[in-house]
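Asker: One-letter residues, chain by chain:
Protein chains: 2
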Amino acid sequence: MIRWNELTLQQQQGALMRPALSASKNVEVAVNDIIEQVALNGDSALITFAEKFDKRSNVRLQVPQKEIDNSVKVLSTELKVAIETAYNNIKTFHQAQLPNSTSLETTPGVLCELRYQAIDAVGLYVPGGSAPLPSSVLMQGVCAQLSGAKTVVLATPVNGDKKIDPAILYAAKLCGITTVIESGGAGAIAAMAFGTETVPKVSKVFGPGNSYVTMAKQILSQSQPGFAIDMPAGPSEVLVIADERANPEFIAADLLSQAEHGRDSQVILLCNNTLVIEKTQQAIETQLALLPRADIARAAMQNSSLILVESIEQAFAVSAEYGPEHLILQLGEPEQYLPLVNNAGSVFVGDYTPESAGDYASGTNHVLPTYGYSKVYSSLNLLDFFRTYTVQTISKQGLKALSSAILPLAEAEGLDAHAYAVKVRLEQLTND
Amino acid sequence: MIRWNELTLQQQQGALMRPALSASKNVEVAVNDIIEQVALNGDSALITFAEKFDKRSNVRLQVPQKEIDNSVKVLSTELKVAIETAYNNIKTFHQAQLPNSTSLETTPGVLCELRYQAIDAVGLYVPGGSAPLPSSVLMQGVCAQLSGAKTVVLATPVNGDKKIDPAILYAAKLCGITTVIESGGAGAIAAMAFGTETVPKVSKVFGPGNSYVTMAKQILSQSQPGFAIDMPAGPSEVLVIADERANPEFIAADLLSQAEHGRDSQVILLCNNTLVIEKTQQAIETQLALLPRADIARAAMQNSSLILVESIEQAFAVSAEYGPEHLILQLGEPEQYLPLVNNAGSVFVGDYTPESAGDYASGTNHVLPTYGYSKVYSSLNLLDFFRTYTVQTISKQGLKALSSAILPLAEAEGLDAHAYAVKVRLEQLTND
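These protein sequences, in sequence, are chains V and Z.
Using our numbering, you'd call the opening residue of the first sequence number 17 and step up by one each time.
Using our numbering, you'd call the opening residue of the second sequence number 17 and step up by one each time.
Since the hints were made in silico from the structure, they are not lab data.
Any given hint could be a false lead.
No copy labels: a pair is met if it fits in one copy or bridges any two.
[To be verified] Computed list of lysine-lysine pairs in PhoX-like fashion (alpha-carbon distance at most 20 Å, straight line): (1) 71 - 166; (2) 295 - 439; (3) 416 - 96; (4) 71 - 107; (5) 166 - 89; (6) 217 - 416; (7) 166 - 217; (8) 107 - 166.
Please model the entire structure based on the sequences and the hints provided.
Answerer: Have a look at this one:
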């Protein structure tokens, strides 16, 4: 237990320090090589990578439509319903984010509009690993579906000679995705950035991934004009603010459900009560003993801090400085504290709002800025699948009125052709 | 004149090719050195750079408030009114973009919200060069003001021993900016990313700049967690679509008002009429003869193409492929073609809507994605000064209802602690 007020400023900064990201030079070299091979050899490079990295034989790149359609038949009813419920809630929440154009006259005869255009072609990446991640399909796929993007590509690795998981396919089916590519890692990202014989070229790639995926997204978004990514990536993290009446079992469970994500996950508790912190420590040990991923969670707990604060207000100040991906408020009357929230990716309000609700099914998006990026980046939302552009329509009278602003500014900025483009039109008006 | 339909696919791609960006290794090395010096030496590094690059003596970093306040006194009435008119129009258009939270129940007892938070601290960069750019202050400053950002820093270089231009200061004053820093280039960007004794640290930097500024923005946004930039930069460009009734003098003036921006600017005309193209060519020559920046404009015209298309519909297809920063429609009944617009930064509709209207005073923002980035990036808008985050508040009943979705998904994904965070709460409910 750390007592916040007994720390020096430097120690306080140390307590909130995130584990260093070790994007090694090796990863960069390997990823650049993968990118080059995909650019040169397209599909055949992807097949080679699937054999090499995913240990597959008879590699198939695209899932047949029939397999997507039939996926529901091999799911348990329980999982089918769970995926449908999550899909519906995520869709309801994101549908409410559909944007409206803005249109107004700034000056009589000067109509200005802000319009939205769905990004034409998007790529959704779902990492592999020890278990399939249908929730990751839903979080990205619902947005792509609602945006009306013309091309939607889902790429995910499949390990060994297993079949692609039907839960992934059923989530894709609900989202109307027809292009599912069995390819992962940096190769899959490069394939979506360049396009290959099988993989359509996209303008923006979404989704989490390992250090190779992250590096590929970073390199390609910097080097390929017209190719963008959702947001920078970092390890997952949670910060819990709890008061004297909070339930230590709940706190421990929330901390561990973050810690089990990965060894580099970070969890922080800010609490104003010594006893609650001590009981949370005990509950963590008890719950860890029962946890299949205890090794991972225990490693993550090494990066983590249970901190005694003087007041709940102080806790919010510390949280704003840290900028957590997930912020859980186990407080009596938590709503009164919402105005103090700053720099959080997603906020979980009250004792009965665990992080796992938002990870799966409340309706909010679980793709969130982490590693301090929540000071400036947004949680994934529907607008990330759109771009805005402006339209102006100016009448003859409107241009006359604006000219008294345009001409002196163009002159001040030494841009005579800018001024002339107005003058030549005003002359024409005089001649008319 | 290029006849589009007589080109091979490869020649068509060549005709739309943008000039290569030469971000040289030298620039990268120099910028990394500048960043390091600012990180180490703060203000004193900025002073050294102002002496070296801007040829200043007695360098002052911060403009006194009194000088900002008094700037209006030394402006001509004409320029004062122009700045005020532009400010008002830009403010009117961007005020209409102020975001509203979304709040709804996705399931009874499951309240989900999308909220907006102004980015706390923003930096606005205005390049120096041969003339001051008050319009660049307004485009960025109005957004910062409307967002309510707590810290707003404006940085701009001042050449030689001139005073900072009062038009810059008056534009800043209208936008409520009190921190104006006389520093430019990569050093100014680094100062805003790190903070120095004089320069407040910011989370996001906006604005155009030369290759050093662009490189500094790119390096720092990749290496400093929690530091972001507005959008990738590229040379400016315009694409005009004109029909047989368009006025060649207007077309020429619009092409040249883009070409005078810089030698690397690109201008493209798509027209369905040979005669109009020929007359435009003549008008360009005539207008060039009168242009002070004719050298620059002439160089830019080398990268440029006047293209004969078969139909206006074909012109829109070519434009969508190119993705122009500015798209000007000199068409009869242009509104009917707006549904065909794709991948443009800002659209100028009709014969009396020159690009310079949007550059200065119509109300739309002139910070736009260029170099093909308009396929995926937005024109600068008020939301770029905000971030979104989500909030969920779940009741006991709400959690019960959601659990049938959360538990099977957590199990399918092998995340037991995620499931336990729900189960421990359901147990408590049973015990209650």
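Asker: Confirm or reject each hint.
Answerer: These are the hints, each one checked on the structure:
1. Taking the shortest Cα distances, residue 71 and residue 166 never come within 20 Å of each other, neither inside one copy (33 Å) nor across copies (53 Å).
2. For the homomeric pair residue 295 and residue 439, the shortest alpha-carbon distance between copies (19 Å) is at most 20 Å, but the shortest distance inside one copy (77 Å) is not.
3. For the homomeric pair residue 416 and residue 96, the shortest alpha-carbon distance between copies (18 Å) is at most 20 Å, but the shortest distance inside one copy (63 Å) is not.
4. For the identical chains of this complex, residue 71 and residue 107 are neighbours neither inside a copy (36 Å) nor across copies (58 Å), given an alpha-carbon limit of 20 Å.
5. In the homo-oligomer, the alpha carbons of residue 166 and residue 89 never lie at most 20 Å apart, since the shortest distance is 28 Å inside one protomer and 55 Å across protomers.
6. With identical chains, the CA atoms of residue 217 and residue 416 are never at most 20 Å apart, being 45 Å at best within one copy and 43 Å at best between copies.
7. Within a single copy, residue 166 and residue 217 get their C-alpha atoms as close as 12 Å, which meets the 20 Å cut-off; across copies the closest is 41 Å, which misses it.
8. Only within a single protomer do residue 107 and residue 166 lie at most 20 Å apart by alpha-carbon distance; the minimum there is 18 Å, versus 34 Å between protomers.
In summary, the numbered hints that this structure violates are 1, 4, 5 and 6.
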